[in-house]
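Since the structure of chain D is already known, use the hints to place chain F with the ligands on it.
There are 2 protein chains.
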Amino acid sequence: MSETDTPPSSKVIRNDPWYGSYAARAEAMRASEIRALFAVASRPEVVSLAGGMPYLEYMPFKELSELIAKMMVDKGDVAWQYGSAQGDPHLREDVLQIMELEGITDAQPDDVVITNGSQNALDLITRIMCDPGDVVLSEAPNYVGALGAFQSFQVEVVNVMLDENGLIPESFEQTIVEQRKLGKKVKFLYTVPNFHNPAGVTLSVERRPRILEIARKYHVLIVEDNPYGLLGFNGQTYPAMRSMDNQNVVYMSSFSKIIAPGMRIAWMIAPPGIRQKLVLANEASVLCPPNMSQFTIATYLDNFDWKKQINDYRGMYKERCDTMDAALHEYLPYCSWHKPKGGFYIWLKIPEGLDSRAMLPRAVTAKVAYVAGTGFYTNGEGRDHMRLSFCYPTPDRIHEGVRRLAGVIDAERETTELFGTSGVPDSDPRDPEYPGPQVR
Amino acid sequence: MSETDTPPSSKVIRNDPWYGSYAARAEAMRASEIRALFAVASRPEVVSLAGGMPYLEYMPFKELSELIAKMMVDKGDVAWQYGSAQGDPHLREDVLQIMELEGITDAQPDDVVITNGSQNALDLITRIMCDPGDVVLSEAPNYVGALGAFQSFQVEVVNVMLDENGLIPESFEQTIVEQRKLGKKVKFLYTVPNFHNPAGVTLSVERRPRILEIARKYHVLIVEDNPYGLLGFNGQTYPAMRSMDNQNVVYMSSFSKIIAPGMRIAWMIAPPGIRQKLVLANEASVLCPPNMSQFTIATYLDNFDWKKQINDYRGMYKERCDTMDAALHEYLPYCSWHKPKGGFYIWLKIPEGLDSRAMLPRAVTAKVAYVAGTGFYTNGEGRDHMRLSFCYPTPDRIHEGVRRLAGVIDAERETTELFGTSGVPDSDPRDPEYPGPQVR
Ligand SMILES: Cc1ncc(COP(=O)(O)O)c(C=O)c1O
Ligand SMILES: Cc1ncc(COP(=O)(O)O)c(C=O)c1O
Numbered sequence: 001m002s003e004t005d006t007p008p009s010s011k012v013i014r015n016d017p018w019y020g021s022y023a024a025r026a027e028a029m030r031a032s033e034i035r036a037l038f039a040v041a042s043r044p045e046v047v048s049l050a051g052g053m054p055y056l057e058y059m060p061f062k063e064l065s066e067l068i069a070k071m072m073v074d075k076g077d078v079a080w081q082y083g084s085a086q087g088d089p090h091l092r093e094d095v096l097q098i099m100e101l102e103g104i105t106d107a108q109p110d111d112v113v114i115t116n117g118s119q120n121a122l123d124l125i126t127r128i129m130c131d132p133g134d135v136v137l138s139e140a141p142n143y144v145g146a147l148g149a150f151q152s153f154q155v156e157v158v159n160v161m162l163d164e165n166g167l168i169p170e171s172f173e174q175t176i177v178e179q180r181k182l183g184k185k186v187k188f189l190y191t192v193p194n195f196h197n198p199a200g201v202t203l204s205v206e207r208r209p210r211i212l213e214i215a216r217k218y219h220v221l222i223v224e225d226n227p228y229g230l231l232g233f234n235g236q237t238y239p240a241m242r243s244m245d246n247q248n249v250v251y252m253s254s255f256s257k258i259i260a261p262g263m264r265i266a267w268m269i270a271p272p273g274i275r276q277k278l279v280l281a282n283e284a285s286v287l288c289p290p291n292m293s294q295f296t297i298a299t300y301l302d303n304f305d306w307k308k309q310i311n312d313y314r315g316m317y318k319e320r321c322d323t324m325d326a327a328l329h330e331y332l333p334y335c336s337w338h339k340p341k342g343g344f345y346i347w348l349k350i351p352e353g354l355d356s357r358a359m360l361p362r363a364v365t366a367k368v369a370y371v372a373g374t375g376f377y378t379n380g381e382g383r384d385h386m387r388l389s390f391c392y393p394t395p396d397r398i399h400e401g402v403r404r405l406a407g408v409i410d411a412e413r414e415t416t417e418l419f420g421t422s423g424v425p426d427s428d429p430r431d432p433e434y435p436g437p438q439v440r
Numbered sequence: 001m002s003e004t005d006t007p008p009s010s011k012v013i014r015n016d017p018w019y020g021s022y023a024a025r026a027e028a029m030r031a032s033e034i035r036a037l038f039a040v041a042s043r044p045e046v047v048s049l050a051g052g053m054p055y056l057e058y059m060p061f062k063e064l065s066e067l068i069a070k071m072m073v074d075k076g077d078v079a080w081q082y083g084s085a086q087g088d089p090h091l092r093e094d095v096l097q098i099m100e101l102e103g104i105t106d107a108q109p110d111d112v113v114i115t116n117g118s119q120n121a122l123d124l125i126t127r128i129m130c131d132p133g134d135v136v137l138s139e140a141p142n143y144v145g146a147l148g149a150f151q152s153f154q155v156e157v158v159n160v161m162l163d164e165n166g167l168i169p170e171s172f173e174q175t176i177v178e179q180r181k182l183g184k185k186v187k188f189l190y191t192v193p194n195f196h197n198p199a200g201v202t203l204s205v206e207r208r209p210r211i212l213e214i215a216r217k218y219h220v221l222i223v224e225d226n227p228y229g230l231l232g233f234n235g236q237t238y239p240a241m242r243s244m245d246n247q248n249v250v251y252m253s254s255f256s257k258i259i260a261p262g263m264r265i266a267w268m269i270a271p272p273g274i275r276q277k278l279v280l281a282n283e284a285s286v287l288c289p290p291n292m293s294q295f296t297i298a299t300y301l302d303n304f305d306w307k308k309q310i311n312d313y314r315g316m317y318k319e320r321c322d323t324m325d326a327a328l329h330e331y332l333p334y335c336s337w338h339k340p341k342g343g344f345y346i347w348l349k350i351p352e353g354l355d356s357r358a359m360l361p362r363a364v365t366a367k368v369a370y371v372a373g374t375g376f377y378t379n380g381e382g383r384d385h386m387r388l389s390f391c392y393p394t395p396d397r398i399h400e401g402v403r404r405l406a407g408v409i410d411a412e413r414e415t416t417e418l419f420g421t422s423g424v425p426d427s428d429p430r431d432p433e434y435p436g437p438q439v440r
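Read top to bottom, the protein sequences are chains D and F.
According to the UniProt record's numbering, the first sequence is numbered sequentially starting from 1.
According to the UniProt record's numbering, the second sequence is numbered sequentially starting from 1.
Only chain D is shown next, with the shape it has when bound in the complex (with noise of 0.2 angstroms):
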């Protein structure tokens, strides 16, 4: 969610006509405390280090500006009107060179999709591939917006395991495995190879092929997710799983993250049966994603030169994470966590016996925000992990934020140690705090 955002709708319906008349997968759908405490997290004096908003001010807004208004003089009657379901033909031409820095070197525009975000990529993915009850092998901690669309389409997830090294191949396969045991169709792994969100950490380069090799022997379709994958913090990039593998994996990566939300544009490319019903499910979706916007972002790389903008953010978000590092290191060496090589997030172990969801509120009166590990998980895992984003706050804010939450945590401590518990008892195993994946 963004900082400056209030949450819509969290005030609690009471007595609602419809109660009992929606699906079931609406039934979990609903506004949490988490929410509400957002709406006090976004106040200017909190630091906040909960949101996943990609720091903006090097955009160059004012020639930028120019560009557009001449785009639509030009070529308004078109940037206005309805495009093509698979999105614009320049524009998927435009994405072929971001992805070769990546590796990706094969790639056709007949091949690319463009969508409304990842968001609604992984939307379209889940719609053609599960059935209600299938199951979807991803990395836990998961990113909360994935599970927002496989909970829409009934999916299953199930979890497998991640270490500093990224995914773990053996986790991988013997989840297959056991699976197929159950009955279960497993219809694809979801994962985040670079920089996770929220764990940080970045699938080796050696284990790669060997999870392609997995994913081929078993059959099992690779969805690769790869916003952040240009935000090495010294300019590396690692080979993309796609550009070993163009049978079995479903790539997408977005522009949020690189260059700006507020278009909404992402894309994702697909072997050719897959790619067909990704348009068609498109369609059935949001018909085509805005051309308006995709024409200002294919303006964007026309114009400027985005590889040294995404250059400076790197170096900038480098800053960022060392700042937050130093400061975990200073005010709370008690904790664990694996600093990033890129991205936007710390995954904070926090002492044993602490409870994040629970110390949330005592943090944002103390003027910091954070997202609760709890909020990754969709079984109430992760009471003993929080994230950390370094991405949108200046270095000072970042600093003073770790400060206060040093506050909070010793004071916890100090609480747990009198009293021996901090948190609300374990109860439902389903996380009833899930906080939907406004938390980015």
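Honestly, the hints are just simulated from the structure, not real lab data.
These numbers were taken from a predicted model, which means no experiment stands behind them.
Mixed in with the good hints there might be a few duds.
Since the list can't tell identical chains apart, any single copy or any two copies may satisfy a pair.
Below, in silico cross-link-like pairs of lysine-lysine (BS3-like), each with a Cα-Cα straight-line distance of 30 angstroms or less [claimed, not checked]: (1) Lys70 x Lys307; (2) Lys75 x Lys367; (3) Lys318 x Lys75; (4) Lys307 x Lys185; (5) Lys349 x Lys318; (6) Lys307 x Lys339.
Frame of chain D; chain F with the ligands shown alone:
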């Protein structure tokens, strides 16, 4: 589908390694012959009476582009950022004045949810209300895009009858009773009360309260889809059903037909319980609607005399409708149709024994395109009708298009008289050529 659009992925995919792995809902999704035809139909020499694209040449692109450039400089950091899942508060305020024109005076900004076009609004309401196998009632012929959304959530669409005064209340009531007897859960009535797509008819003002009464009696929700309501040829409007009942109606409208579809911005209003779930569903589907599009629409609404502009469009569409009506009287007097009082479409009944679907390739060869009636049903009905759009081509082209069409129909009648049939025999009752929502 837009006239300028080449149909994506219309080739038949052979040897798809993922064949057999798709969701049940995706089985029926395949590129149809009709799509392939559209590729030809989009050539400039073909008069397309097929698309539902608004005519945009009256848009003040020059003045608009300057204001949008200014907006980007002033508010770029917000316009390019993630936004609220419920939609931009300013735009949610703006739409209230539009709805007032159709008698909705009690809505608040917090009742509004902004969506990625009404297509996504249809997706969202179906997502939160319908389990697989639930029933949605819908006027037949049906709006194609709605069928696409319903199919995504495996809804059973049951048709309710329509006459020249719109939905027939008795048919609505009877169908509810019948479906309940069958043990079906009827989740909502989907209706396009004004200038129906494709039927062209408008629900009479007398019938509106009766339909609401039935909805309340049986506790069936009404989904009122109203993209054309302000396009009455004489400036007439009709009171929205939502203006008579704010508890049992989910209302949706769109900027696509009155301003421009290239932003993909539409809106819904709903009772609080439903609205809250719609916001959560919006997040699961797209995270948030594009801020840039929302700010662009708001810039237009805030700075231009949009009422005057809609009035200009109305006059233009009226002229085009008159031209088509006159040409039909001149060239196809033996066909029948109700001349619409607004909107974009004429629903033409062709002579007994002819088959609009079978005839389409011959029409395209004769350089005129339309949408075969079968596209608006899921059960193979509709061969005796076709939808003719008068929104996009100029009056000259419309006249010429009808002339060409008459040539095809005349020839077809001769063949039928000689051989007894012109069409392919009925086989699969579920229309294999269902064209998908791209036929707007
Ligand atoms: C892993 C991952 N995938 C997808 C997305 C969604 O991106 P988009 O803005 O393109 O919908 C995000 C956003 O945070 C993300 O972290
Ligand atoms: C009845 C009806 N509803 C909804 C839509 C979709 O409009 P939007 O462009 O807002 O998705 C259309 C478009 O033709 C329509 O005719």
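Hints, one by one, checked against the model:
With identical chains, the CA atoms of Lys70 and Lys307 are at most 30 angstroms apart both within one copy (23 angstroms) and between copies (26 angstroms). For the identical chains of this complex, Lys75 and Lys367 are inter-copy neighbours only, at 27 angstroms across copies versus 47 angstroms inside a copy, given an alpha-carbon limit of 30 angstroms. In this assembly of identical chains, Lys318 and Lys75 lie within 30 angstroms of each other by CA distance solely across copies; the values are 26 angstroms between and 39 angstroms within a copy. Taking CA atoms no more than 30 angstroms apart as the test, Lys307 paired with Lys185 passes in neither setting, with 41 angstroms inside one copy and 54 angstroms between copies.
Taking CA atoms no more than 30 angstroms apart as the test, Lys349 paired with Lys318 passes inside one copy only; the shortest distance there is 21 angstroms, against 66 angstroms between copies. Proximity of Lys307 and Lys339 under a CA criterion of 30 angstroms is satisfied intra-copy only: 25 angstroms inside one chain copy versus 56 angstroms between copies.
Consistency note: the structure conflicts with earlier hint 4 alone.
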